[in-house]
Structures are given as C-alpha cells and as structure tokens.
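*Asks:* Listed below are the residues making up each chain.
4 protein chains.
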Amino acid sequence: MSHPNQSQVLLVDCADRPGLVHGITGVLLRAGANIISNHEFVDVEQDHFYMRTAFEGAGDEAAIREGVQASLPAGATVILRRGSPQRLVVLASREHHCLADLLVRHAYAELGAEIVAIVSNHAHLTPLAAKFGIPFHCVPSEGLTQAAHEAAVARVLAPLHPDYLVLAKYMRLLSPDFVASWPRRIVNIHHSFLPAFAGARPYKQAFDRGVKVIGATAHFVTEQIDDGPIIVQQVIPVDHSHTAHDLAQAGRDVERVVLARALKLVLENRVFISGNRTIIFD
Amino acid sequence: MSHPNQSQVLLVDCADRPGLVHGITGVLLRAGANIISNHEFVDVEQDHFYMRTAFEGAGDEAAIREGVQASLPAGATVILRRGSPQRLVVLASREHHCLADLLVRHAYAELGAEIVAIVSNHAHLTPLAAKFGIPFHCVPSEGLTQAAHEAAVARVLAPLHPDYLVLAKYMRLLSPDFVASWPRRIVNIHHSFLPAFAGARPYKQAFDRGVKVIGATAHFVTEQIDDGPIIVQQVIPVDHSHTAHDLAQAGRDVERVVLARALKLVLENRVFISGNRTIIFD
Amino acid sequence: MSHPNQSQVLLVDCADRPGLVHGITGVLLRAGANIISNHEFVDVEQDHFYMRTAFEGAGDEAAIREGVQASLPAGATVILRRGSPQRLVVLASREHHCLADLLVRHAYAELGAEIVAIVSNHAHLTPLAAKFGIPFHCVPSEGLTQAAHEAAVARVLAPLHPDYLVLAKYMRLLSPDFVASWPRRIVNIHHSFLPAFAGARPYKQAFDRGVKVIGATAHFVTEQIDDGPIIVQQVIPVDHSHTAHDLAQAGRDVERVVLARALKLVLENRVFISGNRTIIFD
Amino acid sequence: MSHPNQSQVLLVDCADRPGLVHGITGVLLRAGANIISNHEFVDVEQDHFYMRTAFEGAGDEAAIREGVQASLPAGATVILRRGSPQRLVVLASREHHCLADLLVRHAYAELGAEIVAIVSNHAHLTPLAAKFGIPFHCVPSEGLTQAAHEAAVARVLAPLHPDYLVLAKYMRLLSPDFVASWPRRIVNIHHSFLPAFAGARPYKQAFDRGVKVIGATAHFVTEQIDDGPIIVQQVIPVDHSHTAHDLAQAGRDVERVVLARALKLVLENRVFISGNRTIIFD
Chain A
1 MSHPNQSQVL
11 LVDCADRPGL
21 VHGITGVLLR
31 AGANIISNHE
41 FVDVEQDHFY
51 MRTAFEGAGD
61 EAAIREGVQA
71 SLPAGATVIL
81 RRGSPQRLVV
91 LASREHHCLA
101 DLLVRHAYAE
111 LGAEIVAIVS
121 NHAHLTPLAA
131 KFGIPFHCVP
141 SEGLTQAAHE
151 AAVARVLAPL
161 HPDYLVLAKY
171 MRLLSPDFVA
181 SWPRRIVNIH
191 HSFLPAFAGA
201 RPYKQAFDRG
211 VKVIGATAHF
221 VTEQIDDGPI
231 IVQQVIPVDH
241 SHTAHDLAQA
251 GRDVERVVLA
261 RALKLVLENR
271 VFISGNRTII
281 FD
Chain B
1 MSHPNQSQVL
11 LVDCADRPGL
21 VHGITGVLLR
31 AGANIISNHE
41 FVDVEQDHFY
51 MRTAFEGAGD
61 EAAIREGVQA
71 SLPAGATVIL
81 RRGSPQRLVV
91 LASREHHCLA
101 DLLVRHAYAE
111 LGAEIVAIVS
121 NHAHLTPLAA
131 KFGIPFHCVP
141 SEGLTQAAHE
151 AAVARVLAPL
161 HPDYLVLAKY
171 MRLLSPDFVA
181 SWPRRIVNIH
191 HSFLPAFAGA
201 RPYKQAFDRG
211 VKVIGATAHF
221 VTEQIDDGPI
231 IVQQVIPVDH
241 SHTAHDLAQA
251 GRDVERVVLA
261 RALKLVLENR
271 VFISGNRTII
281 FD
Chain C
1 MSHPNQSQVL
11 LVDCADRPGL
21 VHGITGVLLR
31 AGANIISNHE
41 FVDVEQDHFY
51 MRTAFEGAGD
61 EAAIREGVQA
71 SLPAGATVIL
81 RRGSPQRLVV
91 LASREHHCLA
101 DLLVRHAYAE
111 LGAEIVAIVS
121 NHAHLTPLAA
131 KFGIPFHCVP
141 SEGLTQAAHE
151 AAVARVLAPL
161 HPDYLVLAKY
171 MRLLSPDFVA
181 SWPRRIVNIH
191 HSFLPAFAGA
201 RPYKQAFDRG
211 VKVIGATAHF
221 VTEQIDDGPI
231 IVQQVIPVDH
241 SHTAHDLAQA
251 GRDVERVVLA
261 RALKLVLENR
271 VFISGNRTII
281 FD
Chain D
1 MSHPNQSQVL
11 LVDCADRPGL
21 VHGITGVLLR
31 AGANIISNHE
41 FVDVEQDHFY
51 MRTAFEGAGD
61 EAAIREGVQA
71 SLPAGATVIL
81 RRGSPQRLVV
91 LASREHHCLA
101 DLLVRHAYAE
111 LGAEIVAIVS
121 NHAHLTPLAA
131 KFGIPFHCVP
141 SEGLTQAAHE
151 AAVARVLAPL
161 HPDYLVLAKY
171 MRLLSPDFVA
181 SWPRRIVNIH
191 HSFLPAFAGA
201 RPYKQAFDRG
211 VKVIGATAHF
221 VTEQIDDGPI
231 IVQQVIPVDH
241 SHTAHDLAQA
251 GRDVERVVLA
261 RALKLVLENR
271 VFISGNRTII
281 FD
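Protein chains in written order, with my numbering: chain A, 1 to 282; chain B, 1 to 282; chain C, 1 to 282; chain D, 1 to 282.
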C-alpha cells in the first residue's frame with residue numbers, strides 16, 4: 001500500500017544466489033537507512049531475484065547505489081528513486097471517461113505525478129482539458145501516414161520530457177518504431193480482459209461471443225499489439241440483457257478504475273517487468 | 001439494462017391476486033403500446049405484486065393510467081413516467097471524489113438527469129463546481145443549530161424543485177423532520193458495507209476490526225440514520241498493510257461507482273421500496 | 001432464485017409481436033394457474049421473444065400447451081415441464097474436484113437432479129464414486145480410435161436415458177457426431193474465462209501470458225470446441241507469485257462453483273439458447 | 001502462494017528496530033539455508049516487526065533458533081516449523097457442506113493437514129464421516145449444562161492432540177474457559193461478513209436488512225463471540241428475489257471456500273495475530 005511520505009525506493013533485480021537480502025540490507029544499514037518496507041520475489045523458473053525496498057534517512061545516494069551494486073552478481077540492475085513526482089503525458093482520442101478520471105485525481109493531488117500535457121488526434125476533448133487547465137495538443141491524423149502522424153506526435157512530446165505516456169483510450173495503433181522509442185514507458189488501457197478480445201471493438205466481440213463477464217486490462221505497450229506485460233485486470237458481470245452498447249457503457253467504470261490503479265502502481269515504482277509478465281509489490 | 005430511447009415507464013404495486021399481468025398488459029395492448037420490457041416480482045411473504053413495464057407508442061396517458069388502476073385491487077399504486085430528465089441537487093461537504101464523478105457524467109450526458117445545483121456546508125468544493133458551471137450554494141453550519149442550518153438549506157432547495165437530493169459525502173446528520181420532507185427522495189452514499197460500521201468514521205472502525213473487505217452502500221435516507229433501504233453495495237479486498245488512511249483512499253473508487261450505479265437505477269425508475277428493502281428491476 | 005416447490009414451468013420463444021404476454025397469461029388464467037414468477041426478454045436485434053413462467057395449480061397440461069401455442073405466431077417453441085428431477089450422467093477423467101462437489105450436492109439433495117452414473121476414461125475416480133454409491137463405468141480409450149471410444153461410451157449411455165451429460169473435467173475431445181447426438185444437452189466446465197485460453201492447458205497459457213485474473217466457464221458443448229453458448233463465468237485474482245501449478249490449484253474452487261451454478265440454472269429450466277448466446281432468467 | 005515442498009518456516013515478531021532483516025538473514029546464510037521466500041511487515045502504529053521466511057537446506061535447527069533469537073530485541077517471538085502435517089479436529093453440527101468440503105480436500109491430500117477426528121453434538125453427519133473413514137465422535141448436549149457438555153468434548157479431544165480445532169458450522173457457543181484452553185488454535189467460519197450480522201441467524205438478519213451482498217468470515221475464536229481476528233472474508237451479490245432460505249443456500253458456497261482458504265493460510269504458517277487483527281503473508 002502507499003506510503004506517501006516515503007523518501008526513496010531501491011529496486012534490484014539480478015540472478016538469484018544465497019545472501020542477496022543480507023547483502024543489500026547490510027549496505028542500507030551501514031548507510032543509516034531506516035527501512036519502511038521490503039518486498040522480495042524469486043522467480044524460480046528463471047532463477048531470478050527481485051527486490052523493492054522503501055527507506056528513509058539515508059545520506060549518500062551514490063554510496064548506496066555503488067554498495068548495493070557491489071554486493072550483487074554481475075549484470076544486476078540497481079535503481080534508486082526519490083519520490084519526486086513523475087511527468088506524464090496523456091494520449092486520448094474522443095472518449096472522455098479515463099482522461100476525466102485522471103484529471104480529477106491530478107487536480108486533487110491523488111495521482112502522485114504531474115500531467116504535463118494531453119495529446120489527442122481529435123479536438124473533441126479540448127473543453128475537458130481546459131476545465132482542468134492542462135495544455136492540450138491536437139495532432140490530427142487525417143491525410144497523414146502513420147509515420148508522419150507519429151513524427152508529429154513525437155515533436156510535441158520531445159520538449160515535454162515525460163517519464164511515461166498514458167494511453168487513455170487512444171484509438172490509434174502505434175508503430176514498433178514509436179513504441180521502441182519509449183521502452184517500458186507506455187501504459188495502455190485495453191477494454192477487455194486480455195488475451196480475450198484483443199484487437200478492435202472488444203465489446204462488440206464480447207457481445208457476439210455471449211460472455212458473462214467483461215473487463216479491462218492495463219498493460220505496458222510493446223511492439224506486439226495488446227500483448228505487453230499486464231499490470232492490472234478486473235472484470236464485472238454482465239448478462240443477456242446487455243447490448244453491445246450497454247457493455248461499452250458498463251465497461252467504462254472498470255476501465256477508469258483499472259487504469260488509475262495501474263498508474264498508481266507504476267508511479268510508486270512497484271512494478272518490475274520480466275519478459276511478458278509483471279512482478280508487482282503492493 | 002438501459003434503453004435510453006424508452007418513452008414511458010409504468011410502475012405498479014398492489015396486493016397480489018391472479019390475473020394482474022394479464023389485466024395490465026391488456027390495457028396497454030388496447031392502448032396501442034409496444035412493450036419494450038416487462039419485469040414482475042411477487043413478494044410471497046407480503047403477498048404483494050410489483051411490476052415495471054417500459055413501452056412506446058401509446059397515445060392517451062390518462063386512459064392508460066385509469067385503465068390500469070381499474071384492473072387492479074383497491075389501494076394499488078400506479079405511476080406512469082415519461083423519460084424526461086429528473087432534477088437533482090447534490091449535497092456535499094469537503095470530499096470531492098463522488099461529486100466530481102457525478103459532474104463528469106453530467107457533463108457528458110451520461111447521468112440521465114439534470115444537476116441543477118450543489119449545496120455544501122463548506123466552500124471547499126466551489127472551484128470544482130465552477131469548472132463544470134453548476135451553481136454552488138455554500139450554506140455554512142457554524143454557529144447554527146441543526147434546525148437553523150436545515151432551514152437555511154431548505155430555503156435554498158425550495159425554488160430548485162429537485163426530484164432527488166443526492167448526498168455525495170455530505171457529512172451532516174439530517175433530522176427526522178428534514179428527511180420527512182423528502183420522502184424516498186434522498187439517496188446517500190455510506191462508506192461501508194452496511195450494516196457493518198454504521199455511524200461515524202467507518203474506515204477507522206474497519207481498520208480497528210481488521211476486516212479483509214471494505215465497501216460502500218448507496219441507500220435511501222430514512223429517519224433512522226444509516227438504516228434506509230439499500231440500493232447498491234459493493235466491496236473490495238484489503239489486507240493488513242492498509243492503514244486507516246489507505247482504506248479511506250482505496251474506498252473512494254468503490255464509493256463513486258456505487259453511488260453512480262444507484263443513481264442510474266433510481267433515475268431509470270427501476271427501484272421499488274418495500275419497507276426497509278428495495279426491489280430492483282435491472 | 002429457486003422456488004423448490006414450483007410445480008410447472010412454461011418456456012416460450014417465438015418471433016416478437018404485440019400482445020404475447022397478454023395472450024399467454026390469459027391462457028394460464030383461464031386454466032386456473034397461479035403464476036409464481038414471470039420473466040420475459042425481447043432480443044431486439046433478432047426481434048425474438050423469450051418467456052419463462054413458473055406456476056402452480058393448473059389442471060389440464062395439454063390444454064395449456066395447445067392454448068399457449070394457439071396464441072403465438074407460427075414457429076413458436078412451447079415447452080411445459082413438471083419439476084420432476086432430471087437424469088444426469090457425469091463424465092470425468094482423473095481430476096476429482098468437480099465430480100466430488102456434484103456428488104456431495106447430490107448426496108444431500110441439493111442438485112435438483114439424479115446422478116444416474118459416472119463415466120470415465122480412467123479408473124482413477126472409482127473409489128470416489130463408490131463412497132457415494134453411484135455406478136461407475138470405466139471406458140478406457142487406450143488403443144481405440146476416437147470413434148471407437150465414443151461408440152463404447154454411447155453404448156454405456158444409451159440404457160441410462162440421461163437428460164444431460166455433465167463434463168466434469170472430462171479431458172477427451174468430443175467429435176461433432178457425438179455432440180450432435182446430444183444437442184444442447186452437454187454441459188462442460190472449461191478452466192479459463194473463455195474465449196481466453198481456449199484449447200489445451202489453459203493455466204499454463206495463463207501463466208505464460210502473465211494475466212492477473214484466472215477463471216472458469218461453464219458452457220453448452222457444440223461442434224466447435226470451447227465455443228458453445230456460455231452459461232456462467234467467474235474469475236479470481238492472481239499475481240506473479242502463482243506458478244502454473246498454483247494457478248491450477250487456485251482455479252479448482254472456481255471451477256466447481258461455476259459448474260454447480262450452471263447446472264442449477266439448466267436444471268431449473270432457466271436457460272434459453274439463442275445462437276451462440278444464452279438468455280438466463282434467474 | 002504455496003510451496004508444497006518447503007521444508008522449514010521461520011516466524012519472527014518483535015519490536016521494530018533497524019537491522020532486523022539483515023541480522024536474521026545473516027544467521028540463515030551462515031547456517032547454509034537457501035531462502036525460498038521472505039515476507040516482512042512493520043506495523044508502524046505499534047512499532048512492531050513481523051517476518052516469515054521459508055527456507056531449505058539448513059542443518060542445525062537449534063542453532064538457527066538461538067542465532068535468530070540472539071539477533072533480536074528482548075521479548076521477540078521466534079518459531080521454527082517443519083512442514084510436517086498438522087493435526088485437525090473438525091467440530092460440526094448438522095450442516096454438511098463445510099465438513100464435506102474439508103473431507104474431500106483431505107481425501108485427496110490437498111489440505112496439508114491430517115483430520116484426526118470429527119466431533120459433533122448431533123449424530124446427523126455420521127454417514128458423511130463414515131464415507132471418508134474419519135472417526136466420528138457424537139457428544140450430545142441435550143440435558144447437559146454448557147460446562148458439562150464442554151467437559152465431555154474436552155475429554156474426547158485430549159487424547160487426539162490436535163494442533164487446531166476447526167469449527168465447520170458448529171452451532172454451539174463456546175465458553176471463555178473452553179476458548180482459553182485453545183488459544184489461537186480455534187478457527188471458525190461465520191456465515192456473514194463480520195461485523196455485520198454477528199450472532200444468531202445471520203441470513204435472516206441479512207434478509208430483513210435488505211442487503212445486496214452476503215458473505216462469510218473465517219476467524220480465530222476468542223472469548224468475545226464473533227469478534228476474533230479475521231483471516232479471510234468474501235462476499236457474493238444477492239437481490240430482492242432471494243428469500244432468507246435462498247440466502248442461506250447461496251451462502252454455502254462462499255462459506256466452504258472461505259473456510260478452506262483460511263485453513264490453508266493457517267496451516268502454511270502464513271498468519272500472525274496482532275491484537276484483534278491478522279497479518280497474512282500469502
């Protein structure tokens with residue numbers, strides 16, 4: 001759970017071997033750190049170790065980073081993060097519900113991040129952005145190739161220096177090149193419980209299949225559409241009386257909650273990625 | 001589920017006896033009504049019959065109302081409603097999340113009702129109301145008796161002619177007199193799965209009790225605090241790592257969804273009240 | 001919900017037109033039937049009407065059936081069922097949990113049906129069947145073609161006259177011919193939230209995909225594997241710490257509950273099939 | 001999640017101070033232990049530290065226990081458990097569903113414990129126990145004071161040396177004296193989402209209150225009835241069509257799943273008790 005006053009988070013992943021926890025906690029102890037929470041996980045199949053430690057009060061960041069690195073096997077990843085708010089750019093199209101949800105959370109400082117801008121291929125959500133005083137960049141795609149449109153989007157993004165892009169019902173496919181330039185830094189909300197109904201019009205697909213639950217999936221975007229590491233999934237029950245339109249409407253509440261939950265986990269540095277899977281310490 | 005284009009809804013409740021459905025549908029058939037959906041329920045313990053029929057195309061409303069009434073036992077309640085939007089006044093205090101959720105749905109015409117004003121005992125939410133252009137009436141309670149404060153609120157409400165009052169985290173107790181002047185027309189969101197943790201500070205109570213689920217309850221307000229007919233309840237899992245503060249934060253997403261769901265049911269005329277219970281046709 | 005003492009259930013489906021409910025309830029009224037519950041649904045896209053009526057006290061079954069049929073458009077389906085228990089044969093392989101669950105419910109008369117026999121391609125579950133005194137037919141498949149094995153199974157089934165076959169983790173694919181000989185009368189439990197992870201080893205697939213929920217689906221079996229009309233679906237949350245083996249273990253509780261729930265709905269005559277979808281009146 | 005082949009589990013709880021994890025993992029490292037999983041939690045309000053470590057391969061148990069104890073503040077609790085199956089006695093009355101569920105899991109070695117006997121105040125479940133070959137002790141309460149009946153039960157229990165008593169719908173209140181003689185060793189299933197509907201006939205209470213969810217709670221039994229530390233809670237949705245009888249029937253599936261889940265956590269040594277709350281590492 002959230003510890004809003006946490007000052008630093010140490011993230012370690014490396015090949016597993018005996019003594020890792022002992023070694024890492026030793027470095028922190030000698031640095032005067034007061035550990036607030038500790039989570040470890042060993043992926044036995046991959047023989048890989050993951051650890052997240054939140055702590056306060058330690059002095060020399062570089063010394064901690066070096067000390068921890070020295071205590072670990074070669075090839076270990078060591079990340080040390082201060083709780084400073086991260087910068088988000090939200091990409092949306094015409095649907096308002098996920099964007100509005102993020103804007104409300106942002107307006108009341110519940111997001112733990114700064115929404116520095118909204119980018120959309122439509123002008124439709126301009127008034128919503130204006131209500132909350134967030135810069136809105138309309139980058140229309142009509143008449144452009146995908147490459148040209150993405151280049152235009154990239155030109156908008158570059159000066160904004162976002163830590164993460166959030167696809168809040170952004171209805172454009174992203175090219176592998178675009179995705180590759182934001183590795184592990186694009187979070188998408190897909191309106192089905194993946195891998196069911198990947199691709200277009202999942203609620204129509206769900207209606208046609210006659211499912212009794214619908215859901216939403218927040219995931220990192222990788223080159224493979226709808227196939228990136230899953231962060232959060234949730235479902236709700238439905239029945240025969242739901243038309244495809246009803247399903248879409250009912251699904252909105254799940255979509256916004258799932259996206260917000262996933263962002264919270266990502267922004268609190270609780271999510272490791274291992275291949276196509278996530279390891280989440282919450 | 002919603003049928004947004006439904007033109008009229010007929011609501012009947014009366015003592016049960018054979019032939020009720022046949023009689024009511026006969027009146028509608030002769031009036032040229034095209035029935036879209038029909039729900040009936042017989043409360044066997046109370047020997048009482050409930051029916052909701054949505055239909056289109058019928059001509060003479062008065063004739064339908066009289067014909068249906070004539071087909072029923074004495075003392076039957078017959079209500080016929082056009083789908084015209086109903087008028088809501090939202091009462092709130094300092095917490096923004098339920099109010100913001102309703103305002104977003106309202107702004108995008110998803111609420112099926114008109115929010116004509118917001119009334120609050122604090123000025124805190126003024127900027128939120130302003131973003132969405134909804135009149136905000138601050139009626140402070142400091143230095144006033146409950147009776148004097150409620151009289152001031154009532155003076156604000158009177159010219160607004162609301163169909164329903166929505167308590168969106170309104171943190172003032174309402175007197176029996178106030179409640180009696182809005183019978184079955186006040187909907188409240190309580191931040192626990194009632195009857196657990198009725199009264200004040202439910203998340204603190206939940207933390208102290210060490211529960212593994214928390215939830216929210218939307219209900220009609222009756223003279224008995226936290227004891228009115230329940231419309232919607234939902235829970236989410238929690239664990240030992242949640243502080244009382246974490247529980248409150250996690251609970252907000254449930255609260256807003258539960259309140260919105262309950263309002264939708266009420267505004268679509270899907271909720272009957274029977275004593276302290278609701279009968280809901282969705 | 002269940003009304004265990006219901007005496008008769010009338011099931012109607014036909015092309016929609018005005019006056020259907022009025023006409024059907026008129027026949028029942030004149031026959032002296034006391035209606036206990038009524039459910040209707042109009043599939044607007046298909047312009048098709050579905051109705052389920054439970055009633056008591058009516059005298060002449062043939063007259064009701066004929067009267068109802070005469071009140072309906074040509075091609076209407078009219079089914080009238082007494083609440084006599086239906087006959088089930090359960091097919092299983094090696095996993096015990098769904099079968100054991102059904103046997104316990106059966107032993108305590110909670111199933112609303114008679115389990116007349118168990119058929120398995122393995123001897124493994126013989127002791128379980130014996131505990132509950134249910135005849136167990138082992139029909140090994142080794143060395144047989146699918147056709148030969150299914151013929152052997154069919155020979156066991158024929159004298160048992162089952163109303164439904166229940167596949168309680170029966171791990172053999174059924175041929176289109178076999179399925180065609182039990183139309184709408186085979187209920188299967190699939191251990192994933194279909195259409196995700198159709199086919200073999202769904203828990204392994206779920207692990208590899210890194211999903212955050214797993215689930216189970218009870219459905220009617222059609223010629224298309226894992227593609228028949230869905231009756232009940234349910235999911236549970238999982239996380240990175242679950243191995244594929246853990247997922248399978250955790251999934252068992254969902255599987256048995258989902259199968260039992262689906263059977264209850266089917267046996268109480270609450271399920272209509274419309275193409276690849278179900279309409280369920282519960 | 002379960003690691004069925006785990007050989008030893010170390011459970012520590014003590015006043016919090018810096019260096020605890022480092023110290024404990026140091027002892028295990030020097031003893032040659034291979035840590036499989038590690039969970040820690042600091043209750044900040046109580047300034048108390050909890051840790052559960054599963055490990056393999058360490059040699060000298062006494063040395064580990066002493067080394068760990070020496071590394072901790074005074075008053076620390078250190079428990080070291082081998083994965084040997086624990087001994088359960090199940091107490092039941094007339095309802096079969098929870099007992100049957102445990103017996104099936106036991107029969108297929110899924111329980112991780114040995115059911116050494118069943119004790120009941122009725123003879124009703126004798127045949128069920130017999131099916132599974134578990135000794136059944138009927139201790140009728142008619143004509144006996146509570147003290148006399150409990151003394152009779154205690155005489156049955158004494159030679160069985162159970163680690164835990166499991167109240168699987170045992171409908172007798174236990175005296176504070178009886179409870180005190182099995183401290184933290186009695187697990188009960190209560191058929192409501194406590195603290196709602198504590199006491200007798202929770203489904204009747206739930207019906208009268210008109211709730212939209214029902215649930216079950218597994219908890220440790222303390223002197224205060226229905227007020228002990230909660231282990232697992234779960235709910236399911238219900239509606240107006242459920243009679244009190246329907247609620248009870250629908251609740252059974254939740255009850256058995258919740259009790260089984262709680263037992264699994266307790267038997268895998270994943271549950272700490274802190275006052276009236278539990279800390280669960282799963």
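Keep in mind that the hints were calculated from the coordinates and are not lab data. These figures come from a predicted structure and were not determined experimentally. There may be inaccurate statements among the hints.
As the list makes no split between identical chains, a pair holds if one copy fits it or if it spans any two.
Calculated lysine to aspartate or glutamate pairs in the EDC-like style (CA-CA distance at most 20 angstroms, straight line) [to be verified]:
1. Lys204 / Glu142
2. Lys204 / Glu56
3. Lys264 / Glu114
4. Lys131 / Glu223
5. Lys264 / Glu110
6. Lys264 / Asp47
7. Lys204 / Asp239
8. Lys204 / Asp47
9. Lys131 / Glu95
10. Lys264 / Asp253
11. Lys131 / Glu110
12. Lys131 / Glu45
13. Lys204 / Asp16
14. Lys131 / Glu142
*Asks:* Look at each hint and say if it fits the structure.
*Replies:* Now the hints, each set against the structure:
no.: 1; hint: Lys204 / Glu142; in the structure: neither (25 angstroms within a copy, 43 angstroms between copies)
no.: 2; hint: Lys204 / Glu56; in the structure: neither (50 angstroms within a copy, 26 angstroms between copies)
no.: 3; hint: Lys264 / Glu114; in the structure: within (12 angstroms within a copy, 33 angstroms between copies)
no.: 4; hint: Lys131 / Glu223; in the structure: neither (34 angstroms within a copy, 39 angstroms between copies)
no.: 5; hint: Lys264 / Glu110; in the structure: within (9 angstroms within a copy, 26 angstroms between copies)
no.: 6; hint: Lys264 / Asp47; in the structure: neither (28 angstroms within a copy, 26 angstroms between copies)
no.: 7; hint: Lys204 / Asp239; in the structure: within (14 angstroms within a copy, 28 angstroms between copies)
no.: 8; hint: Lys204 / Asp47; in the structure: between (42 angstroms within a copy, 19 angstroms between copies)
no.: 9; hint: Lys131 / Glu95; in the structure: both (16 angstroms within a copy, 19 angstroms between copies)
no.: 10; hint: Lys264 / Asp253; in the structure: both (17 angstroms within a copy, 13 angstroms between copies)
no.: 11; hint: Lys131 / Glu110; in the structure: both (18 angstroms within a copy, 18 angstroms between copies)
no.: 12; hint: Lys131 / Glu45; in the structure: neither (50 angstroms within a copy, 39 angstroms between copies)
no.: 13; hint: Lys204 / Asp16; in the structure: neither (45 angstroms within a copy, 24 angstroms between copies)
no.: 14; hint: Lys131 / Glu142; in the structure: neither (26 angstroms within a copy, 31 angstroms between copies)
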